[in-house]
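J.: Please build the complex by placing chain B on the supplied structure of chain A, with the hints as guidance.
Chains as they are written, first to last, in my numbering: chain A, 1 to 280; chain B, 1 to 312.
These are calculated hints, taken from the structure and not from any lab test. Quick reminder that beta carbons are idealized off the backbone N, C-alpha and C, glycines included. Treat the hints with caution; some may be incorrect.
[Claimed, not checked] Quick list of the computed label-pair ranges, beta carbon to beta carbon:
#	chain 1	residue 1	chain 2	residue 2	range
1	B	E180	A	A207	43 to 53 Å
2	B	E122	A	L260	44 to 54 Å
3	A	S230	B	T107	46 to 56 Å
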Amino acid sequence: MMTEAAALDRITRAGPFRGFPGLLGVELRVWFPWRVLFLIVAGLSVFALIYVPWRGFEVNQLGPLMIWFLTFWIMMLLVSTVALTEGAVLGEIERGTASWLVAMPIARPAVILAKFAAAAMGLAVTVFVPGAAAYPVLADASERGITDFSVQEVFELAEIPIGQWGAYTRLPSWGTYVAMLLSLWALLVFVAALMMFLGSVVRSRTAVFGLGLGAAGIVFASAFIPGLASSATPAGIARAVIDIAQGKEAALMAPVMGTLLASGAALVLAMWSFNRRELT
Amino acid sequence: MNVAVETRGLRKRFRRVEALRGADFEVPEGSVCGFLGPNGAGKSTTMEILMGLIRPSGGWASIFGSDLGSDGLDVRSRIGYLPQDASFFPRARVSDVLRFVARRYLTGTRSAIENRVDDTLELVGLEALADRKVKALSGGERQRLGIGQAVIGGPDLLILDEPSVGLDPEGRRQVLDLLERFRQEMTIFYSSHVLDDVERVADHIVVIDRGVIVEQGPMELYLGGRVTHRVSLDGGDARAAMARIERESWVSSIRPMRTGEWEIESTDRQVAERNLLRVLASADTVRVVSLRPMQRSLEDVYVDLIETADDD
Numbered sequence: 001m002m003t004e005a006a007a008l009d010r011i012t013r014a015g016p017f018r019g020f021p022g023l024l025g026v027e028l029r030v031w032f033p034w035r036v037l038f039l040i041v042a043g044l045s046v047f048a049l050i051y052v053p054w055r056g057f058e059v060n061q062l063g064p065l066m067i068w069f070l071t072f073w074i075m076m077l078l079v080s081t082v083a084l085t086e087g088a089v090l091g092e093i094e095r096g097t098a099s100w101l102v103a104m105p106i107a108r109p110a111v112i113l114a115k116f117a118a119a120a121m122g123l124a125v126t127v128f129v130p131g132a133a134a135y136p137v138l139a140d141a142s143e144r145g146i147t148d149f150s151v152q153e154v155f156e157l158a159e160i161p162i163g164q165w166g167a168y169t170r171l172p173s174w175g176t177y178v179a180m181l182l183s184l185w186a187l188l189v190f191v192a193a194l195m196m197f198l199g200s201v202v203r204s205r206t207a208v209f210g211l212g213l214g215a216a217g218i219v220f221a222s223a224f225i226p227g228l229a230s231s232a233t234p235a236g237i238a239r240a241v242i243d244i245a246q247g248k249e250a251a252l253m254a255p256v257m258g259t260l261l262a263s264g265a266a267l268v269l270a271m272w273s274f275n276r277r278e279l280t
Numbered sequence: 001m002n003v004a005v006e007t008r009g010l011r012k013r014f015r016r017v018e019a020l021r022g023a024d025f026e027v028p029e030g031s032v033c034g035f036l037g038p039n040g041a042g043k044s045t046t047m048e049i050l051m052g053l054i055r056p057s058g059g060w061a062s063i064f065g066s067d068l069g070s071d072g073l074d075v076r077s078r079i080g081y082l083p084q085d086a087s088f089f090p091r092a093r094v095s096d097v098l099r100f101v102a103r104r105y106l107t108g109t110r111s112a113i114e115n116r117v118d119d120t121l122e123l124v125g126l127e128a129l130a131d132r133k134v135k136a137l138s139g140g141e142r143q144r145l146g147i148g149q150a151v152i153g154g155p156d157l158l159i160l161d162e163p164s165v166g167l168d169p170e171g172r173r174q175v176l177d178l179l180e181r182f183r184q185e186m187t188i189f190y191s192s193h194v195l196d197d198v199e200r201v202a203d204h205i206v207v208i209d210r211g212v213i214v215e216q217g218p219m220e221l222y223l224g225g226r227v228t229h230r231v232s233l234d235g236g237d238a239r240a241a242m243a244r245i246e247r248e249s250w251v252s253s254i255r256p257m258r259t260g261e262w263e264i265e266s267t268d269r270q271v272a273e274r275n276l277l278r279v280l281a282s283a284d285t286v287r288v289v290s291l292r293p294m295q296r297s298l299e300d301v302y303v304d305l306i307e308t309a310d311d312d
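Next up, chain A with everything else stripped away, as it sits in the complex (with noise of 0.2 Å):
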C-alpha cells in the first residue's frame, strides 16, 4: 500500500523525552503568532493606557508612569499566564487528545516539557517586546520628569529620600532593565510550571484555574510582606520588580535563582504526575 515503504524506518530509541521535537511545534504553533501578538498588544495598551493620561495631565514624573505600568503589567501577565495555560494539560486530558498522543511512541514527560518549553518561549517574547518598546517613552519620561518641574530639587529641599514615594524616579540603566525583565519572565515561567504541575494532578478545570490565580495572587501580594519580599522566591523577584520601578537598588540574583529552582521543581512533579496519571 505504501508507496516509498524502503525509504523510511521504524523509529527504535526511547528515552524519556522521546517526542519533544515534535510535541514542541505543535505547542509552539499553540503559541506564536496569535497568543504571542495578543499578549504583546494587551501589554502595549496597558503602557498606553498609563502613558496617554499621564502625559494628559503633565504629571511629567516618571515615578507614577513606571509604577503604574508595571503593577498593571504585570498583574495582566500573570492573569494572562494563568488563562493560557489552565486548560493546557487538563485541558487535552478532558478532550481525548492526552490519551492519543500518549498512545503513540512518545514519552509522557515530553508532553509536559513541550508545553511548558512553548509557554516559556511565547512568555519570553510577550515580556520582551513590550518591555523594550516602552524603554525609550520612560527614558523620555525621565527627562520630562527632572528639567520640567524640578522634583529632584524640591524632594532635595524638603530632605525626603528621593524616590521614597515613587515622585521621582531614577530611569533604570538598560542593564538594569533588561535584569528586570528577565526577573519578570522568570516569574511568569514559575506560574507556568506551577500550572502544569496543577494541570497533572488537579481533576477539574475552573479548580485549576482557581489555584493558579490565587497562587499567581498570592505571589504578587508577598512583595509586600516584609519577610517574604526579601526572599528567594518568586515573592522577592516582585518586589525587586517593583523597587527598580521606584528607582531603588534591587538584588536580583537571589529571587531569580530561587524561582527557577522552584519552576524547576514545579515542573518535575507535573512530569512525575502527568507519567502515573490514569488518561481514560
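T.: Relative to the frame of chain A, chain B by itself:
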C-alpha cells in the same frame, strides 16, 4: 502459534467498580480478532491497559512478548491505535495530523514522509480533504482519519476501539473494506457491537462479560464447525427418538422448541448431515416431517455465551 497480545489475570478497579476481574486471553499473531461484549463489559478498559493509558490493578499484559511497563515505548512503536472517542488536534489540517503521527513512528526523508501521508490519505479516501481542518470533518471522515493515523506508522498490531460506532452503513462498509486490506499486513484487534461486521472480517473472537473472558477462539469453532438442525417429528415417542440421537458422539445438545420442533446442535456439520436422518429413520415409531439445517450466526453464538455467563 505466535501470540500478539496476551493477558493473564488482568484486573482493574475504578474505586467501587471492578471493570476487569481476571481477564485471560490471547490474540494470535496475524489474526483479525473481534473483541465482543456488552456495554460496560471491560472492552475499552482492556484496550486502554494494553495501550498503557491506565495501569492494571492486578495481573499482566504483554504485546509481542514485551512487558508494557518496562518496554512501553518500544511496544507502542509497533502498535497503531484508534480510541473510541478519538480526538486529534482540532485546528490542524487532515494532512498535518497524518504527518505528525508518521514522524512519531518513522524516520526518513521529507519526500518519503510526504509520500506516506499521500498514500494513507488515498488509502482511507481522504485525499480530497487533505487540507480540511479536523474540526470540519464529519463523523465518518473523522473515523477514517482515525484509521489512517493508526496505520500510517506501519504497525504490526492495530488496536481499534469500536471503529464503526456512529457510522452509517456506507461508513461501516468502508471501515470493513479497510480492515480487509490490512489483514495481510498486521494483526488486528478490534472491539465492536456490530456482530455482522465482526462475523464478516474476524477470524478469531474474544468475548468478555462483566470483566471476565467468557469465550475465545477461532471463529470457525463457533460458526464453521457447529451446526443446528431443526427436526419436526410426527407420531410415536419423539422423546425416545431424541434420547437415541443424544447418544451420538457428534451431538452436543438437544432441546425442544415451543413449536413442537426439536433443535439438535452438533459439533460437525458434515457428520451430522450424513448421519442425522439415518439415526432418526432407524427409530421406527416416529415419522420425520421436516429436517432443516439452521446456520448459526455470530449473534446466536454471542447471545448464548452471554446468557450462559449471566446464568453462571
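J.: Lying within 46 to 56 Å: is that true of the beta-carbon distance S230 of chain A to T107 of chain B?
T.: Given about 52 Å between the Cβ atoms, the range holds.
J.: Using the Cβ atoms, figure out if E122 of chain B sits within 44 to 54 Å of L260 of chain A.
T.: 50 Å Cβ-Cβ, so the 44 to 54 Å window holds.
J.: The hint says 43 to 53 Å between E180 of chain B and A207 of chain A; measuring C-beta to C-beta, is that right?
T.: At 47 Å between Cβs, range holds.
Figure legend: structure checked against the earlier numbered hints; every hint is met.
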